[in-house]
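*Asks:* Listed here are the chains, written in short residue letters.
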Amino acid sequence: MANFISLSEVTCKFGDNECPFPAPGAGIFEWQPLASFNLLGFTSIEITKPVILAMLCTVIVSVVFIAAFAKPKLVPTGLQNVVEVGYLFVRDNIAREIMGKDGDRFVPLLTSLFFFVWSMNVMAIIPGAQFPVSSRFAFPVVLALVVWVVYMYLGMKNQGVVGYFKNIAFPPGMPIGIYPLLTPIELLSTLIIRPVTLAIRLFANMFAGHLLITVFTVSAWYLLNLSNFVGFVSVIGYLGSVVSFIVTIVLTGFEMFIQALQAFIFTLLTAVFISSSLHAEH
Amino acid sequence: MNWILAAEGAESGSNVLLPPTYELIIGSIAFFVIFFALSKFALPNIRKTLEARTESIEGGIAKAEKLQQEASITLAQYRQQLSDARSEAAKIRSAAEAERTNLINEARNEAQAVAQTVTQQANAQIEAEKSKAVNELRLDVSKLAIDLASKIVGASLQDDARAKAVIDQFIKDLESAGGKR
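Protein sequences, first through last, are from chains Y and V. Mapping the first sequence onto my numbering, position 172 (from 1) lands on 172, and the numbers just tick up by one. Mapping the second sequence onto my numbering, position 41 (from 1) lands on 41, and the numbers just tick up by one.
Errors might be hidden in some of the hints.
[Unchecked claim] Cut-off 27 angstroms, straight-line C-alpha distance, at most; resulting in silico cross-link-like pairs (DSSO-like, lysine-lysine):
1) Lys63/V to Lys157/Y
2) Lys73/Y to Lys130/V
3) Lys71/Y to Lys130/V
4) Lys130/V to Lys101/Y
5) Lys143/V to Lys73/Y
6) Lys130/V to Lys143/V
7) Lys48/V to Lys101/Y
8) Lys71/Y to Lys143/V
[Unchecked claim] In silico contact screen, one side only, chain V against chain Y (beta carbon under 10 angstroms); selected entries:
9) Leu38
10) Ala133
11) Leu137
Source of the hints: derived by calculation from the structure; they are not laboratory data. Keep in mind that this is a model prediction, so the values were computed, not measured. Just so you know, even glycine gets a beta-carbon here, dropped at the ideal spot from N, CA and C.
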């Protein structure tokens, strides 16, 4: 480990044969604030790159949707056509697929979640941004909390406060002997594990994806540096550099898929949780 | 450039699983801004448009179904009329056929009757003329015979044998001429 230095300590210049491999770590997810100010003496707001990107996502998603549907036409053209496909995807493949006609009420929530999450994920591969906002744990946590509040509220509203908790703890239609085993699992699962896994799944996927891409990007640069050696080492350096670069490109494509998939899973699970709150399970 | 580069070590020991308060606040605001923008401004419009689209498509389908129904009713009517017309035509044709046969038979019978009458009349006339001619001939022959006889008698009473032969020959000729008629 002593040979590895962290990315921020890199002082290597190109062609510096003494430079150890600067392995990217958790540090690549920490950002120095551009500016910081105090919010009513309560907490300090720090404007970091992820914060700027999150604001950018907010503006882009809001503006694109409002622009696309400002004057919607019966026969869609241009931007409306494209955004409509996204909207109909959420409505038909998530809301109606899980909840049927009941799902139509939750399409605005699900659409907001899907496109906010997706835009934050996509920032990982937008040139210049190149950082998945959702790999900052705070953003998945906030969204998971929103989902948790929504489905808890809907559950208590639709099944009654007592009825909802009773239905969670004692799912109807089970043999009575199973309850000692089932009740703690169900309570833990619905009240705690659901939101926690929802947040961690999104965070961890984007975190790992960004880390992988960074590792191979740094490798491509580092191994090209290694090629300044003479003979066998330089050949290995060239080969390794080219392979790392290709892997970076392949991983970027793979990440594009994962970004959409994670946004889809997040929204789909939200729909499933809401659906289970509308009707008692089993 | 320091904001573009990650700042490891700046907050060494910071845990990626411990979100800072400001990010929680900004994340919440970001989500609610998007939710507000979409649910208040963007999605109601498109929902109405999609409903209108569904309605117009369903309306079009209903209209097309109605038209098709009407068309099939009209077609059935036309077919009925056509078959009626056909059977009527067949009736008319068979009636005409019968009438034609009748007419032909009548005409034939009439013609036969007329032909028979004409033939009978002709036969009768021929018969009458024949008998008339025979009678006239008889008269002429006897007159001729008398003339001849007087001529012969006047010419040569001595040659009885020769006169007799001439008369005989004459009568014979007459008879053979009458037989030829």
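*Asks:* Could you run down the list of hints and mark each one as holding or not?
*Replies:* Each hint tested on the structure:
1. Lys63/V to Lys157/Y: violated (43 angstroms)
2. Lys73/Y to Lys130/V: At roughly 116 angstroms apart (the allowed maximum being 27 angstroms), Lys130/V and Lys73/Y break the hint.
3. Lys71/Y to Lys130/V: violated (122 angstroms)
4. Lys130/V to Lys101/Y: violated (121 angstroms)
5. Lys143/V to Lys73/Y: Given that 27 angstroms is the threshold and the Cα spacing comes to 133 angstroms, the pair is violated.
6. Lys130/V to Lys143/V: Answer holds: Lys130/V to Lys143/V is near 20 angstroms, not above 27 angstroms.
7. Lys48/V to Lys101/Y: Satisfied, since the Cα-Cα distance of roughly 16 angstroms is no more than 27 angstroms.
8. Lys71/Y to Lys143/V: Distance ~139 angstroms between Lys71/Y and Lys143/V Cα, so the pair is violated.
9. Leu38: Because about 5 angstroms separates Leu38/V from the closest Cβ in chain Y, which is inside the 10 angstroms limit, the hint holds.
10. Ala133: At 113 angstroms from the nearest chain Y Cβ, Ala133/V fails the 10 angstroms test, so the hint is violated.
11. Leu137: Constraint on Leu137/V not satisfied, violated at 119 angstroms.
The structure fails hints 1, 2, 3, 4, 5, 8, 10, 11 (numbered hints given earlier, in ascending order).
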